[in-house]
Amino acid sequence: MIATESLSKRFPRVTALDRLSVDVGPGVTGLVGANGAGKSTLIKILLGLSPATEGRAEVLGLDVATKGADIRERVGYMPEHDCLPPDVSATEFVVHMARMSGLPPTAARERTADTLRHVGLYEERYRPIGGYSTGMKQRVKLAQALVHDPQLVFLDEPTNGLDPVGRDEMLGLIRRIHTDFGISVLVTSHLLGELERTCDHVVVVDGGKLLRSSSTTDFTQTTTTLAIEVTDTDEHPDGTRAMRDALHARGVSVEDGSGLPGAGHILLLTAQGEETYDLVRDVIADLGLGLVRMEQRRHHISEVFTTSDQHEQRKEAVGHGG
Amino acid sequence: MAVEHSTGTSAPAPGDQTRIHNIGYRSYDGPRLGRAYARRSLYSQSLRGSYGLGRSVKSKVLPMLLFVVMCVPAAIMVAVAVFTKANALPVDYTRYAIIMQAVISLYVASQAPQSVSRDLRFKTVPLYFSRPIETADYVRAKFAALASALFILTAAPLIVLYVGALLAKLDFADQTKGFAQGLVSVALLSLLFAGIGLVIASFTPRRGFGIAAVIAVLTITYGAVSTLQAIADAQGSGDAVPWIGLFSPITIIDGVQSAFLGATSASPSGVGPSTAEGVVYVVVALGLIAASYGLLMRRYKKVGL
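Residue numbers (the working numbering), protein chains in the order written: chain A, 1 to 322; chain B, 1 to 305.
Please note that the accuracy of each hint is not assured.
Said to hold, decoys possible - Capping the alpha-carbon separation at 20 angstroms, the derived lysine to any residue pairs in SDA-like fashion look like this:
hint, chain 1, residue 1, chain 2, residue 2
1, A, Lys67, B, Ala136
2, B, Lys60, B, Val103
3, B, Lys302, B, Phe122
4, A, Lys137, A, Thr179
5, B, Lys60, A, Pro128
6, B, Lys123, A, Lys67
7, A, Lys67, B, Ala36
8, B, Lys302, A, Pro128
9, B, Lys169, B, Met77
10, B, Lys60, B, Ser105
11, B, Lys58, A, Lys137
12, B, Lys60, B, Gln45
13, B, Lys301, A, Pro12
14, B, Lys58, A, Pro85
Don't read these hints as lab results, they were simulated from the structure.
Could you build all of it, start to finish, from the sequences and the hints given here?
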């Protein structure tokens, strides 16, 4: 979808991008970096609106330096800042933007109605945008980026300014853009944690340089931690202890989630593959305990960048996951 | 229960819960009409917006009112000419816009900021430039739209005058020639005023400032120029009068039309520029229009995304 090759952008006083080479495939890709890391600059270059100082970039196989207009016809862009006039309705505004993308009048109206419905705007779409909540405005901004059915959308900080519920809804919507609509997404955020659920692939930039580019599963599934909770029985009044001892006897190291909610009842162990699951199942069956839960604790992306020790990571993982 | 494949026209009525929408995503395989179409769409949207069409009722009031104010005197003149069986219209076609210049200035001042300042203020400009259209398309569409709106405003009363003159059975050839000269004059005026108005408005995202600045530029220059011309005329240095006229938009138009379009000058001396001076007027007028276009292009190169 996107390929850059030692892409650099230098302004008189600051280097926004420094020899950035990255490949982005179809799917949802997160572009993570602190404010000022060069995310917005990269999007401008990819839209063919700002020439790169050196290096080259392609979007959908089209060179950004020469095919800017073709690229902009096939991609959508949702800016970070407010961009909506308050005195027109969402419908009028999105219809106008659809026509600006080259859609004939009838198609523009149909696509606008469809798109606004898909982003979750119903009757309110006929009211002036000035009266909308932040969440509704973000949806209108998203709708105008999708209305011409692009192959790829750039979403610049789409969760900015939203409350936790609005944030979750927006992230869910972003996921659907790919799974239901078949449109690839490049979404920027300065919050790593947000992108875990949403993205297939994460690119981390810092100071205009590429820090890391890999799939979300690489980030979070290098080791899988299993959390197990079992019941107590008459035979084993402390089922958790019995379980731990039995696992120890079979050579599996187990930690208990001390300091966590439900401490003393949760066991954490590292899964080495299928056999670990089988082992746990057999041990529980042998002891005659009831299995309350056995679940994977995925590591959060943020842990990849922290230098805390393994134990701390697991505690955090349980804290987040629970 | 009706299963409805929802389309743009079939919005559910509030409270109507009995419809099931086909909520699956449909991709778009239809035509994409590209830059030229987008530019035309922006032009027509801006032109309609200049008369408040497609906008709120409140924003229709002023442009419509000014349009009516612009046409009523022409209608009255025509009525008088028809009933008194006069052998000429009370006012030349070319003079009409000069008399009504305050209305035209008000219109430019109110609609130029409406056209461009809003996009700047609400930061809608990046949305345009993330689409196939480019700076030049945006500038041309906006420029052409305001110039067209001004042409409608200034040409409509001339049409009233012309139709009235024909009804009053005035000389056809004479009237047609005057009407044509009037149209050329207001076309030039529309381009010039649109350019000046848009350049000023594009430098401020605040509509109020834009309105004040446009009014100031159009009226102060005219006030200063006509005062200086009166002084120069009274002091016997009538040669300077045409040159002073180059410093205000409306007197430039007056100069061009009195040199080439058979108008009598509205300057205090009543003497327009000579043909040679008239050429300078035309060059200045066209130069100003080109400069406005250039400044707008420079401005929008900067405010892009």
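Hints, one by one, checked against the model:
Of the pairs offered as hints, the one joining A:Lys67 and B:Ala136 holds, with about 17 angstroms between alpha carbons and a cut-off of 20 angstroms not exceeded. Proximity of B:Lys60 to B:Val103 is assessed by CA-CA distance (about 16 angstroms); at most 20 angstroms being required, the pair is judged to hold. Taking the CA atoms of B:Lys302 and B:Phe122, the gap is about 16 angstroms. The hint holds against a cut of 20 angstroms. With a CA separation close to 23 angstroms, the supplied pair A:Lys137 and A:Thr179 exceeds the 20 angstroms bound.
As the CA atoms of B:Lys60 and A:Pro128 are separated by approximately 16 angstroms, the hinted pair is consistent with the 20 angstroms bound. Of the pairs offered as hints, the one joining B:Lys123 and A:Lys67 is violated, with about 25 angstroms between alpha carbons and a cut-off of 20 angstroms exceeded. Between the alpha carbons of A:Lys67 and B:Ala36 the distance comes to roughly 16 angstroms, so the proposed pair stays at or under 20 angstroms and holds. Among the hinted pairs, B:Lys302 with A:Pro128 is inconsistent with the structure: their alpha-carbon atoms are about 29 angstroms apart, more than 20 angstroms.
This hinted pair checks out: B:Lys169 and B:Met77 have alpha carbons roughly 15 angstroms apart, not beyond 20 angstroms. With a CA separation close to 17 angstroms, the supplied pair B:Lys60 and B:Ser105 stays within the 20 angstroms bound. For the hint linking B:Lys58 to A:Lys137, the alpha-carbon distance of about 23 angstroms lies beyond 20 angstroms, and the restraint is violated. Annotation: proposed proximity of B:Lys60 to B:Gln45 holds, straight-line Cα distance about 14 angstroms (limit 20 angstroms).
Restraint check for B:Lys301 and A:Pro12: satisfied, since their Cα atoms lie roughly 18 angstroms apart, inside the 20 angstroms limit. Between B:Lys58 and A:Pro85 the alpha-carbon distance is near 16 angstroms, which keeps this suggested pair within the 20 angstroms criterion.
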